[in-house]
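S.K.: So you can see what is in the structure, the chains are spelled out below.
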Amino acid sequence: MIVGSQKPIEEIWNMVKDFKKVLVFGCNTCVAICHAGGEKEAETIAALIRMKASQEGKQMTVNHLGVMRHCEPEYFEPVIDEVKKYDLVLSTACGVGVNFLSDRTGTVPVYPGINTSFYGAVEAPGVFKELCAGCGDCIVHMTGGICPVARCAKTLMNGPCGGTNKGKCEISKDVDCAWYLIVERMTKLGTLDKLSAIIPPRNWSTARDGGPRRISMEHIREFEEKEAAKTETAGGKR
Amino acid sequence: MKSGSTLEKVLASGNPAVTAELGPPMSADPHEVVKKAQQLKGFCDAANITDCQTAVVRISSIAAAAIAFQQGLEPVMQMTCRDRNRIAMQADLLGAAALGLKNCLCLAGDHQKFSAAGRLKGHPGAKNVYDVDTCQLVGILKKMRDESKQDGGDPIEVAPKFFIGASWTPMADPIDFRPINLMKKVNAGADFIQTQGIYDMEGLRAHMAKIRNMGLHEKTAILAGIIVPKSAMMLKYMDSSVAGVSVPKALIDRMNKAKEAAGDDKKKAKELQEQEGIKITIELIHQALETPGVKGVHIQAIEWESAIEGIVKAAGLYPRPQV
Ligand code: SF4
Ligand code: SF4
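As they're listed, the protein sequences go chains A and B.
Numbered per the working numbering, the first sequence spans residues 1 to 238.
Numbered per the working numbering, the second sequence spans residues 239 to 561.
You may find that some hints are simply not true.
Stated by the list, open to error - In silico lysine-lysine, DSS-like type, Cα no more than 25 Å apart, as pairs:
hint: 1; chain 1: B; residue 1: K365; chain 2: A; residue 2: K173
hint: 2; chain 1: B; residue 1: K247; chain 2: B; residue 2: K399
hint: 3; chain 1: B; residue 1: K351; chain 2: A; residue 2: K173
hint: 4; chain 1: A; residue 1: K7; chain 2: B; residue 2: K351
hint: 5; chain 1: B; residue 1: K359; chain 2: A; residue 2: K173
hint: 6; chain 1: B; residue 1: K351; chain 2: A; residue 2: K129
By construction, these hints were calculated from the structure, which means they are not laboratory data.
Build the full structure now, drawing on both the sequences and the hints.
M.R.: The following block contains the structure:
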């Protein structure tokens, strides 16, 4: 899932204070799980903005709304006309949602209500941990299922640096050393000898470094187009 | 000869090699480099010129290496993977070779958050590059030198001829993996290895036995790292906080004793501890060189380059072989 965290209310207030009609728009999937930007959090943020507005003597209408996903049109399309009635949408979806919605709200600006942080998992209730960096060419079959791209502070591909200290990374004693975990895991799996091979320089063009990425699945597009054509002809016969 | 550097020649001659370290200043003043180069010249076969070590901006390793070289000191330029992608790395390697530099030590580099262990502001908000890692950088240098090819495959008309080095921390976690770590660097093309500072010579002997079993000591020249201790406090810090370094209690006790012998006299306490530190260093050098498979020592007198002359002389490693 995509993990984010709420922006400080001061920062939010500075973004929204000059608008008259604000919609705080939540997203009920990833960012709801990490308690950052679901409908419930959107409601709280809306209330905080209203409180701020009354303290500062500003006339503002602030409402909230939530949909299942901001990253697929079918979820927000039913409410898009309602959304467009506002001067500002403060989206508490992840950055994907903010961007996606921005392209579809005409002249209404969409601002970010949260900070989108990483792809992670729920380690324990309330604890989220980064586990993948979306590099576009997964190699964790060579590293015991543990990702050195996202989890090693130096993205080292061939083993630990000299900074590993008691299993922790040199950047902080609260961060596990990915390579410590990789060696531990592969020892347990009996596959440590696999690490003897040198992994050559990576081709990072599959990652963000290659420029913005887009995946187009032709077979799905063709199928969808055919289905649409069928419905049209069926409709025509009626 | 792969590079024809003095370090390579000394190692080929079978003499124990001595390398030292020169830390460039956080300033555009070349005199500091000149002064330190003069202090080291003649007392080591080559000196590492650190590359923004502890993630703090200093004169670049290549520029400081070129200055040292003009002074007649053979430099080992350092290159970390933290600050450059493979394009910048190779451009710098071509430039360094064009300037006459012949040794290069490949390092991961301290993470940009390190900022001299928080003593300086540094640049913790910098992007970290790590396009390639140490093993991969070693491989790139080797490919440039031996195949006259850039990593991408384009030909190089005049190849940069570097004696290729890498670092090794034998006693850090995960300890059982460290010999494999070394093997990978050697297989990638490391001609010489400088280890992390070692105080626990028994530990080194045990690790070198494993390395000899793997035959790695014959494929690369291992120089044992010796960090000159300045005070009891420094030894305690290294023992508790520096990854892969453990300091035997006996050494800490000796330094404590030296400190206590000065009573309340702070200046004297400093002097006595420095004297004891130099004594310890000389003993460590001898123990390291007696360890089978060790081909030399890398002596780091951090911000104390002037100590090297006395240490090298007292250790019986002066004059350096003329090769
Ligand atoms: S290797 Fe790449 S795709 Fe695989 S987990 Fe790591 S970042 Fe994600
Ligand atoms: S300590 Fe471990 S996780 Fe941290 S940078 Fe070094 S190898 Fe990577």
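S.K.: Evaluate each hint against the coordinates.
M.R.: These are the hints, each one checked on the structure:
| no. | hint | result |
| --- | --- | --- |
| 1 | B/K365 - A/K173 | 21 Å, holds |
| 2 | B/K247 - B/K399 | 14 Å, holds |
| 3 | B/K351 - A/K173 | 13 Å, holds |
| 4 | A/K7 - B/K351 | 23 Å, holds |
| 5 | B/K359 - A/K173 | 20 Å, holds |
| 6 | B/K351 - A/K129 | 20 Å, holds |
When held up to the earlier numbered hints, the structure conflicts with none and fits them all.
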